[in-house]
Amino acid sequence: DGGITQSPKYLFRKEGQNVTLSCEQNLNHDAMYWYRQDPGQGLRLIYYSQIVNDFQKGDIAEGYSVSREKKESFPLTVTSAQKNPTAFYLCASRKSGTDGAFFGQGTRLTVV
Amino acid sequence: AQSVSQHNHHVILSEAASLELGCNYSYGGTVNLFWYVQYPGQHLQLLLKYFSGDPLVKGIKGFEAEFIKSKFSFNLRKPSVQWSDTAEYFCAVTAGYSGAGSYQLTFGKGTKLSVIP
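Residue numbers (our numbering), protein chains in the order written: chain A, 58 to 169; chain B, 2 to 118.
Read the hints as simulated data drawn from the structure, not as lab findings.
Computed from a predicted model, the values in this text were never measured in an experiment.
Cβ atoms here follow ideal geometry from the backbone N, Cα and C, with glycine treated the same way.
Be a bit skeptical, because a hint or two may be false.
Stated by the list, open to error - Short, incomplete list of chain A residues facing chain B, as computed with Cβ under 7 Å:
| no. | residue |
| --- | --- |
| 1 | N85 |
| 2 | H86 |
| 3 | A88 |
| 4 | G99 |
| 5 | L100 |
| 6 | F145 |
| 7 | G154 |
| 8 | T155 |
| 9 | G157 |
With the hints as constraints, model all of the structure from the sequences given.
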């Protein structure tokens, strides 16, 4: 089945540690996205990538980093510089600028 | 930069009532508009989208939305809601031309819909 896979579903980390969230898609989509979802805040864009080896900052990129070395993969690193990292993280992909996005199941990150 | 406003944080309706959820966007050019739904415990799904043509678009599960350019609005409607429509609904916008701007997909804060049997 085609889709987006985010792993793991739940992730716990100690404060001060970097952590990388995985996102893989087999839909052959060019564009991929990372969003953060907090209660009452909706989905806020962290980073997006239109094509391999290229990505742009979204509205809340501070404290996060990404890479896009392969079309299928768009990992997100939550660094120790992110002041409030505990959240639900969603990855998405789109075929083009006029298409809707497909979303993964999300990763819930808890930093203690 | 574009932005989206969803004015209703939480809407509570009885079954069979009509639904209208508001969505206003801020962007000076042509736009592509989307409505997504997130059922409890499930991932976001596309309900419908507008990118050109007829401003009244129909989506899945009996939902429709009307694009009113003069009001910068894209309100979601359903004539008769069911308990299974209980979910969170998100409006989203991208720039409507081909190019870098069409890839920045911006969401509103969402509206929770609770349908009482």
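Hint check results:
no.	hint	result
1	N85	violated (16 Å)
2	H86	violated (11 Å)
3	A88	holds (5 Å)
4	G99	holds (4 Å)
5	L100	holds (4 Å)
6	F145	violated (11 Å)
7	G154	holds (3 Å)
8	T155	holds (5 Å)
9	G157	holds (4 Å)
Of the numbered hints listed earlier, those contradicted by the structure are 1, 2, 6.
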